[in-house]
Each structure stands twice: as structure tokens, then as C-alpha cells.
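Asker: These are the residues of each chain, in order.
Protein chains: 2
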Amino acid sequence: MQVTTVQATASLPVDTRRSPYAHWRGLSREQARLEPTGFWATRQQRNRQVTLGHGFRMLDEAGNLHNLRLAAGTAQGDYRGPVFMDSDVTKWLEAVGYAAAAPGGLDASLRQAADTAIGLLAAAQQPDGYLDSYYQVVAPERRWAELNTGHELYCAGHLIQAAIAWQRYAHDDRLLQIALRVVEPINSRFGPGQPAGVPGHPEIEMALVELYRLTGRREHLELAQRFVDQRGYGLLGPNPRFGGAAYYQDRVPVREASEIEGHAVRALYLTTGVTDVYLETGEGALLEAMLRQWADFTGRKLYLTGGAGSRHSGEAFGHPYELPTERAYCETCAAIASIMWSWRLLLATGEARFADLIERTLYNGFLSGLALDGQRFFYVNPLLSHGRPEVVGRGVVERQPWFLVACCPPNVMRLLGSLDHYLATIDADGRGIQVHQYAPSVIAVDLAAGAVELRVATDYPWQGRVEITVDRAPSGPWSLQLRRPRWSVSTRLQLNGADVHSALDGHGYFVVERTWQPGDRVVLELDLHPRMTAPHPRLEAARGCVAIERGPLVYCLEQPDYPDDADVLDVALDLDLPPERLSATWQPDLLDGVMTVHARGRLTDTAAWDGATFRSLQKRRPGSPPAPRTVPLVAIPYYAWANRTPGPMRVWIPTTRPIGV
Amino acid sequence: MQVTTVQATASLPVDTRRSPYAHWRGLSREQARLEPTGFWATRQQRNRQVTLGHGFRMLDEAGNLHNLRLAAGTAQGDYRGPVFMDSDVTKWLEAVGYAAAAPGGLDASLRQAADTAIGLLAAAQQPDGYLDSYYQVVAPERRWAELNTGHELYCAGHLIQAAIAWQRYAHDDRLLQIALRVVEPINSRFGPGQPAGVPGHPEIEMALVELYRLTGRREHLELAQRFVDQRGYGLLGPNPRFGGAAYYQDRVPVREASEIEGHAVRALYLTTGVTDVYLETGEGALLEAMLRQWADFTGRKLYLTGGAGSRHSGEAFGHPYELPTERAYCETCAAIASIMWSWRLLLATGEARFADLIERTLYNGFLSGLALDGQRFFYVNPLLSHGRPEVVGRGVVERQPWFLVACCPPNVMRLLGSLDHYLATIDADGRGIQVHQYAPSVIAVDLAAGAVELRVATDYPWQGRVEITVDRAPSGPWSLQLRRPRWSVSTRLQLNGADVHSALDGHGYFVVERTWQPGDRVVLELDLHPRMTAPHPRLEAARGCVAIERGPLVYCLEQPDYPDDADVLDVALDLDLPPERLSATWQPDLLDGVMTVHARGRLTDTAAWDGATFRSLQKRRPGSPPAPRTVPLVAIPYYAWANRTPGPMRVWIPTTRPIGV
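As they're listed, the protein sequences go chains X and Z. Quick note: the first sequence, position 139, residue 171 per my numbering, numbers continuous. Quick note: the second sequence, position 54, residue 86 per my numbering, numbers continuous.
Treat the hints as calculated values from the structure; they're not laboratory data. If a hint is listed, it holds; no wrong ones were tucked in.
Which chain Z residues face chain X? A few, computed with CB under 10 Å, are given here:
#1 335
#2 425
#3 566
#4 686
For each residue, glycine too, the CB sits at the ideal point set by N, CA and C.
Using the sequences and the accompanying hints, generate a full structural model.
Answerer: What follows is the structure in C-alpha cells.
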């Protein structure tokens, strides 16, 4: 094995501190971290205290550990579950790695569980470095022979990411030693001079770039680059179940792609890895292809919740504006992948629109994937539910403790564990600090001018006030940049009690550049008045509807807030009241504390339909229809739905008259 | 082999002439037949002259015949295609059997092709009667071991139906001899005293009841009954791809079911077979379960086109009102199955609503499955298309010559071939004649009163006038019943030039009972004024829209009728004009001759959306939006879409203001 000198590490999942084409650079957990209170810190703690332990029990029950024992030759029996079972273990380990850096570190049971998992991976690894329990146990003769469906490179990618997390956050190199050996047979098969081949499920691309960032070994970057370069030429063939090569983004070469297509998680893991390659190589054609696809994604294929991927069939993006509500797929993993991609584009460009989408996705389409109790998960995150159990296929009305295909739960765990990373950045040249996400937090960095420490205090997302106090400042000038969320209609910025005007740059940030003094205080007042949002006229599934949003939160109507004789699916928003009449109320005892939004609703009378799905307009009854019943309209944050009695839910709300956009 | 006395045969696919629980009885081709001109006769001729020959070429190319040769031991190579390839051959043979009874019979090439196929089936059959090329060639050891996915009983059912068609229409018993031997190993495995077992894909139930009707052998009926009785107890286990047993209607016992659920074709083939069992046994619990499911189907899960099954994933029915437009599945086979089911319910009950649905389905969701040239097919029949080729999964913008899963094309052929059967019935006690579908046709039956002959002349569906002339009548009284389609708002009935009033019975039929004279003429004037149809308020995918219908035809907007700068997806129907202003124009040179419908349209301006899928209402521009551009709205019959340059299409049309239902 080649000796690898691991570079001095800091605790961060994406280390762009030396990336030559990063406009901004991500911060380590030592530089930017959530304070122990607040919306996200509470969830991060629950992740450490409840979800990670639950995850290990589920991995044990589902057979993931058993499969590794089979590969190690220390157990008997059949392989269990789908081909990518190993990746659930390594994603969980990645999440535990992040938790190891939290105050107090890992508790004894989590440490023991992690030791067990790491030990099993070490024991299962073959002498040549190969490690994939499915192919070792079930089909050793088909190693590297089923790139389209086999997930070997996907599993390797997740192992590499777990290894990097343990190295950087836990300062423990056991997994890294395994991962570096795992890369060896991959290099032998796919490296320079070897036959072309790409993974059916992208993921290893971003892992290899990150490994390059950790080890400085160019071969890791080059291997990622090869997987990017060879993609889109049909090497994978048609997908056996879903037809075209578009399913796994093998229809169009990466640099020529202008549409986001196929399996959503594959598509977004690929674009994440491609953007990582750009950050290291600066190849303009890659960035341009990414920006084209991001525009296609957000302009024509994005759910209001930040959800991505509209089709159950193929778990795929659909045609433009094909965004069904009840049959939205919006896999939790796709929301996570979207956040990872937009983060890298934010670092590459310095444009707030990417942080805006991260925020939208975090608070809505990602967070809905996790129950308030931290132990149940949604795989599919629809925007409407009839509240009926599903009898065919995926998509249920209650979150589940685990899944046969269990990619989402450990993915939730690893994103929550590394969330501090997405708070802030610094300029590539150290001129200033950018705050992207508002949460109680501490930021301490060395800028070009010298050491800076900030404290962010806020009750976000419930209150719009964000106070930033400078606790330490050098003698020279530096800039503070604060994202202005696009949804904030009237935003106020104050410095030491005086309004600051015209501080907006062209990319969505307030910029205050000055020589700061300790004790300086910036107050950002975001406009949290509940607002109505209209769908694009071609968004068929939401025609005649509006959505309610407040700050970063998308709202929904859920049956438990309505009387039994008022089906929430029949509730329309009364537009004869002006939008200003939407009001918000803090409910400390509801759903762990939420701000509800209130308006006036009207109940549509469906009794006259006599069990018909359509009716001729010529057959209308004489006389005017009865005046619809009024009902108080109550909306809760979308992320919190399905934490009470299962029942109907809807995000897009019919209106009593056209909205006239 | 047991000696079987085949009862005296007549040419009809469903022989209810002796079914004890038939309210009405179906007619043979000798008793009711299409005249050689008219909407359906033209299509039937094209079926014989073009489609059947095309079908044989495709079966040859796709490997269906090759597979039978492998089973017969007369060819070398690998089995090709999915497990149910044999059923495509036998469905095609069934269609050829119907064609054999047409004037002039089969041409030489079709006869030769049929002889080839029959010969291959005979050669492939094993000495014990077993015949299924997949299990014979690929997996002989798994015979009857994969009932959930193996399709052996499904293939056997289609063979039986083909055999019956050849016996009855071509008076040729070669296939029947094969089919009777095929039933032997099935009886040995599934008959009395044998372990329980049901087919993963229903179909054999209706085939076995029909075989009982042909042979009079009760064991055939009893075997069908066993498959019905044993279903719904989870014998099939969870489906490997789509989860629950609901996928193949094995979740709820047949007599307890109240919802139509799971794979649409399986569900509707099953209900067809169950209704067949009822017609022979009269078991009330079966009919009640069928009527409950039919109400669930038509009240909550039916497409305006008659299409059935909303989901690509699992090809399944969705939740109530889950009826997406662009992602409608509406498999052509499901439309055919729906017609077969409603026909049997019509025979069981004598209620016009079943014939109404047959009509809706025939003219729309079924017929859209076939190109005007008779050589290309839709598997999936959406209600909206963005006009873009599909890159993942099924669903395309152009009809295809054939499919890897080619169930639909030969199913279209067999329904077209047997269409005469659905025209008319007689009472069980021979008191009168019921005309269900209006087409140029001749009806000649022996009623209780004596021999009757009628001639039906009409330009239906383009004109609403239907003339029925009595050519022969006995001296005693008998009744003529004419279906009044529910869509006909103002209908006029005349007898020998004088208006007939109050002739409607309670079930949707005009009844004229009298002693008829040769030369008597009844004229039915149906109201073909174009009408607007509204969706149920919970039909999310059509909110804010109406559809245009004219007579039995559902209309759609298609891009070739609009200028390039007016995307048909942006066209709204101007409701400021009264519905009476919808007008129709005969276009002899368009799409083989169609009546187009015209109105005033408005173009929605989407330019202001700047590539966003949603937009805050607070950010509306000052001033009122520009007045929308007016565009002539042109609609064509839905069945005829996608026969010109591929482009966008929509059935549900947005309106400029709420329709107020």
C-alpha cells in the first residue's frame, strides 16, 4: 500500500479551504457551530441521543451487520436485503463520526456500536482491498460486471465519506485505512489505461474528490474526473426496468447536459460530484453544465418544499412542470442531495439563490423526512395526502421506523450531524464572512485582517429578528455579508441601532464592510408575515391553488386541525379577505412548538356529485348553489405533518376565486 | 382424454344464450352485425386488412414464434421476451378467428400465418397437455411454482379464448383440441382436492367460464369458481416489486371487496371473470361485490376517456380521485378489460349505465390505443402531453409498431374483431330487442313472438340521427329498447314520423312495445351539441378546467391546430362566451374525417415567470396584467391525437374564470 500523508484536518464534510476555484470557502466545526439551543440544535441533539442509536438497532435487525459477518466468514446464512446494504452502515457511521465531535463526544453505547461496525468492515475486507458484502457473499464472480445495477462504486463512495468523517471529526483513522485499500482495486479496474466504466448510481465522484482533498493524492481526483468524463455515452446500456440510459444520467455527456433527468438521487449526487470536480479543476464547461441543469431544476422541476423528483416510477424527474402533489415522490435522499449540490454551487459562485434553495429544502422537503420523535422516517414526501394507507407501492401516511431500502434514514442522520458546516463561509481571500443560514451560532475565523468572532442570536424560523454581535475583531476592516432571503418582502438592517440602507450586493447579500469594534451589533429583521405563493400556470397539479408560506417554512392544512365533518381536502382559502389578514399564532404545546397560520376557509360541497368523477355542465341544477360553509383555516408547518392521527393533508390550497397572476 | 361434446355453436365471444342469470342475452354475429360502412366497420376492415398481418410480422420479429419452436424442439437459441409471450400469439389468433367469419373469410396469407401459429402451438404442447414456452424452455423445474409472477394460467386463459373463437367463428377445432388438453394439467394441479392456488394475473377465470359455456362440462366452471373463491387470502404473498398483495387483488376476498385496486388490467380481468361466474351461478354476493367495485371505479377512479388505472408504478389504480393527466397510465388493455366487464354487468342487470361506459371507453380510451394507419399502438393513453419524447419509463408521444410487453396490440385486434357482439341483446324471455351501440348494422333474431329483422342506419358518432327500420316482424307484439346515452341533453324519439313521449324505462332505455309492421321506422335524434364537462372538485389534476365532449367523443386540443407561437398548453377556454357558442365543423380531410369543435381561447402569458415554478403573490408587478391574447380554440376527438406531427395535447382545458359547479 502506498503511504499516504493525510493533510492537517479540521472538522468539516467538504473541505474547500484549498480549493482553487472556490469563490467562498466552507468552515470547519471549530470555526462555525450551532449553539446548543434553537431549532436545528435541538434536532441535532435528538439525532445524537435518539436517532443514531435507533439506527444501529435497525441495521442489526435488517441484516446489514449480518451481511458483513457473512463476508468476513464469521456467520452462516443468506445475504439479506438489496445489493447496497453496506452503504446504510457507512452512512450511519459517517453520521456517528460527526457526532463524535459534539461536546462530550460519543456515549459508550454509540462508541461500542461504531466499533462493532468498523470492526466488521475491517474483517470483511478482502486481502486485495475489495469490500462489498453482496458481491463477496452472493456473486463473487460478477464483481465489477454489473455496473448498471450493482452499486459497488456507490457503496465504496459511502465508505470513503464515512472514513473522511471519522478522520476529520473523530481523529480516528481506522476507517480511512480501510477506505484507502478499497480504492486500490477500484483504481486497478477503472484507473488510467483501464477499460471505461461508470457507476450506475453516482456517489463515488464526490467521495473521491473529498478523498483527494484529504490526502492530496491526485489519482483520487483523476479517478473522479474519469467517472465524470466517461458518463453519458451509453456505457451502462438501457436500464432493465426503466428503459433509457437517462435513468442513470448516461444519455448525454456531462458537459452537454442541459436538463436534470432520470433517477433524482442519482442525478443530484452526480451533479454534486461534478461541481466538486469543478471546484478543484476550474473547468468552465463543467460549471456551465451545472448552472444549466440547476436552472432547469429550479425553473421547471422543483417542488415548493424543495423536494426533487416527481415520479414513483423510476424515482425520477418528470417532464417540465410535471409536479404532481399526492404522487410526488420527493425522496428524502433527493432533498439531501439537492442541498449538497447547491452548497457546492454556492461555494463556486457566491450567489444567494443557492443558499435560498438550501434553506427551502432544509426546513421543508428534508425535514419532513423525520418524525418529531426522531425514530421514524418518510422515504416519500408528498404535497397532498388522502390520509389512506397505501396498498400498492411506496408512499405511506405514517413515517416508518426503517425501510427495506433504507437509504434515507442514515442520510438524514449524516446531514443533521454535519449541519454546522452550512451556516457560513469566508471569502477565498479572507476579506470577510458570509452568513447563509440563521440559527443561534458562533463563528470564529482568521480573516486576512485578523481573528474575528461573531455570535448569532435568533428565534428563527419563528421570529425574523437575527442579532449578530461582534465579540472579537482585528484592527483593520473586513466585511460581513448576510443573506437576504428572497421571500422577505420588507427587510430591515440595523448597525448599532441605526438603519443601514443600500447594502445589498448583486447576489442577494447585505454587505457591511468596515473596521469593526467588539460589541458592534448588526440586527437583521426579516419579514415573516405569512404570504401566499402562486404556482406557475403550467403546474397542472396546483392550478387554482395558492400555498401559504411564512419565512422559510411552507405550510399545509392537516385534518387534525379541522372538525370531523370538514374534510381538509374540501377546504378552500377565502380570497375575499386581503392577504394581510393571514395571521400567525405561536402554539408552544403543538408539535413541539410551532407557529400556526390562520385565515378564513370555505368548504366545497361535494355531496351533489353522486359518485361521479365528472359531470356535464348542461346538467346543472336550477337556482344558485348553496353558499359554502365557512370554516376557520388553520395551517401548520409542512415538516410537522403526520405527527398526529394520520389523516388528509394538503400544501396547495384551492382558492375561492382566481388569483390573477 | 375425456370425450367432449361441443355444443352447437354460433359466432359470439361471450355465449350467454343459456346463462341462467343473464337479464339480457348477447347475440351472435349471425344475429347482429355491423354493416360494411360506418365508423366501426371501417376500423374493423382495417383491422382485418392491415393490423392482423402487421401483428403476425411483429410476433415473428419479437420472437414469440421462435419461443414456441424452442419448446417444440425445432429451433435452437435463447428464449426471447417476457414470460407471457405465448399469450400475444393466442390473442392474435383469437382476433384472426373473429376475422374468419367476415365476408370472404381470411385471405391466403392470414390463413397461412394462422396455420403456422396453430401448428407451432400443437408442436410445442407436451404429452401431458402442458403448454407454456417460457416454462418449457427456461424453467421446467419451476412449473406452477411461480404463480405470482409466472403467468402460466394467464397464458392458458388466452389459449382457451383463442380456441373458442376458432371453434365458434371459424368452425375449426384444432385450437380447441389443444386447449382441452391444456386444461388437464391445470385441473390436476388446481382441481378438486388439490392444494389451493390462484393466478398472479387473472384471465383464466373468464376463459374457463366460456369453455364451460362451449363444452357444458361443469368442471370448467368449477375450476373458475375455485380461482375466484381462493383469491384474496394472501396466497400469492407480497409482490416482489410493488409490495402488497393488493397489486394482484389478493388482499381482500372477492366477495368482501368494495374497492377496485392494484394492477388495473388484473383487477378488471378478475371482475370480468367473477361476473361471468355470477351469470352462471347467480350467487348474489358476487354480483353485489361487483356492483360495489364498479361504483368505486366509476365514482372515484375513472378517467373521462374511460381510461382505467392512473399509476405508471404498478400499472395500478390509485387512491380516489388520483387521476393525473400527463402521468395517466390508462393502459389500452385496461380499457378493453373495462369494456368486457361492463358488458357482462349489462347482461346481468339490464342497466344502461354499463352500456354508457362501454361507449365512452370504446370511442376514447380504447380507440386512442390505435393509430389511424392501423399499424401503431399506444400502450399508455395520457390526457395531457407536453409533446416531449419520454426518456425514462413508458409513455411516448408517438404510437409504436409493437412493444417489448406487447399485450395491447393483439388485444385491440381481438376487440375490434368481435365488436359486433356489443351492438344489441335480446331479453332472456325473448320479449324484445335492446340496441346498445349505434352503428350501421343489421339485427335478425327469433323472439318469442317470432322472427324479427331490423336495419340501423346512422352517421353516428358524427350525426345524432339513428334510423331503425323494421324489415321483418311477426304478427304478435314485441318491444324495441333503445339506449338513451346520459350525455344527450334533449333527445327526440319518433315512430313513423310522430313523436313518442315518456317511453323511458327506469334503466336508461326508451321502450316501444307494440305489434310492429315491416316498414315501421323509429328515429332517435340524440343531442350532439358540443358540451362542457366539469371535474369533481377533488380531481386535483383538472381543477379550474373543463373538458369538451360531443356525443360519445371526448375532445382534446392538439398543437398542430395552433400557430407555433401559441403553445396549446397555454390555451384557456374563454367562458365569457356562453357554452352554446361551441360549434362543430365537419372536416372530411382531417384525420380520416372528423368533426372539430370550435370556441374562443385565451393565451396565458407565462413569460413573466422567469423560470420559476412558483412565485410569491406579494411580488406582483404594479398595474394590471396585460390582456391575454385571443386565439381560436380548435378541438379534435381525443382518439385521433398523435396522428400528425408529435406535439403537446390536453383534454382538460383551463378556463378563464371559475365554472361555479
